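Peer 1: Residue-level listing of the chains:
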Amino acid sequence: MLQTSNYSLVLSLQFLLLSYDLFVNSFSELLRIAPVIQLVLFIIQDIAILFNIIIIFLMFFNTFVFQAGLVNLLFHKFKGTIILTAVYFALSISLHVWVMNLRWKSSNSFVWTDGLQTLFVFQRLAAVLYCYFYKRTAMRLGDPRFYQDSLWLRKEFMQVRR
Amino acid sequence: MGKKQVRPPRALPPAPSAVQDDVSQSRPKRKKSRTKATLASASLEGFDETVVHRSSEGIEPPTNELKEHPEAPVQKRQRKTRLPLELETSFTQKKTSNPSLLRNENGIDAEPTEEAVIPKPRRKTKKTQKAQLQYANELGVEDEDIITDEQTTPEQQSRFTAPTGISQPVGKVFVEKSRRFQAADRSELIKTTENIDVSMDMKPSWTTRDVALSVHRAFRMIGLFSHGFLAGCAVWNIVVIYVLAGDQLSDLSNLLQHYKTLAYPFQSLLYLLLALSTVSAFDRIDFAKTSVAIRNFFALDPTALASFLYLTALILSLSQQMTSDRIHLYTPSSVNGSLWAAGIEEQILQPWIVVNLVVALLVGLSWLFLSYRPGMDLSEELMFFSDVDEYPDTEIKASS
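Protein chains in written order, with full-length UniProt numbering: chain S, 1 to 162; chain P, 1 to 400.
These aren't lab readings, by the way, just hints derived from the structure by calculation.
The model shown is predicted, which means the values in this text are computed figures rather than measured ones.
Any given hint could turn out to be false.
Unchecked claim - Straight line, CA to CA, 25 Å or less: simulated BS3-like cross-link-like pairs of lysine-lysine:
| hint | chain 1 | residue 1 | chain 2 | residue 2 |
| --- | --- | --- | --- | --- |
| 1 | S | K155 | S | K105 |
| 2 | S | K77 | P | K289 |
| 3 | P | K260 | S | K105 |
| 4 | P | K260 | S | K79 |
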């Protein structure tokens, strides 16, 4: 059974990482006095996303549903989050690489192209969706039903076996 | 250890009656034995003393034994080796037969006194073999029988019950608490364990679900704030733009000059607030449940409309990032390497102003829609209170 204190701790860590992600997405364009600052911010942001992915998977592994072998059920329930997080991670890395590549020589130059603008829009949009889905998943995993045997789980198990 | 273990048995009901019987029967003998005992063996003095002040019965048997069986100490020794082990498991029985013995300071000392207490009547007639037979017979005896037996012939009973105690059924359960065994009635134990179960169920009043729920509500508060703040900011922004641009957008260079420091910070702030508001609005319609969200949208549910408007505003706002950066890097066209060639200002700025206006309208409308039903939160209902709603059919089927 998931302990309340443990869950609170994990949830706060997840929210901290999400807040950092949101902060960098919002204000990284302002903090480009030197390219190194942006580089560090981007690296930490990508690591934060990676950490969040690891944490959410550890939470999955901790559920009774997963331990009962119903990985499929978990994946089915949270596939939106998993896919979106992966997509967002890929978009973030590509945007960061692209932007840093263009801005490394002179950080305050105008580097926008249509391609970059498009990628930027998709990345920022994915960030919002990722934030929403991740937050939702993290809070849903606090549901005690995922950590104990129940009639619902047995029913799902039967459906999966069919 | 011996001392600690001894305590619980005292509570057993038959013990006091047995002791009293013993006392009453043994009293007359006691005086005789005492005089002899003091002379006969110094070795027994030790445990005699310990027993004396606890019960009269304890004193008598050793003296008798000494008197009639001088070889008793040897037998005692032999038994001693075996007894400590028995003490751990059979103390309950001993207690019923003679509680005073069990109060001795250690198991080894206590046992000899018991042995000494027991022998009197039987040893005179027959001996150990017969005793063993009875031992075997008594294995099948039930609790009540033992007690009555003890009351009628307490000394006989007490003599043989000590070893048999190991395998006799007892109505008590011995629970190890803080390194000592304590007697407890089965029924009571069952009750207490049930109580523990109940309290375990009741105790975590602050469950993980409550944590999630409180975080969700906290975020809804942040969202509520950001909705209003965003609407106000967007309106203020568009007002500032129109004021700086002058009548009929005639003074765009003035707008660029004054607004260039403001453009990028505002763009960043707008993204932050839009992101928060969009997530909050999605929360309210439980966007992840697409079917519910789409149904609500087509039903022109204000909250679903607000979410859609926020998403549109977010995309529009993001699409102006390039223009915002261009404004941020504004230098007059006369300056070398300027991004703003003469004459293209209006061409670039006009759509940007329109988009900003639209964003302000969308954001303001969303805020109005959301404030129409501020208490609505489908996520909370579906995520946290879905035990009954989400799987009602499965549970009904399973129960039928």
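Peer 1: Mind listing which of the numbered hints don't hold for this structure, in increasing order?
Peer 2: 1, 4
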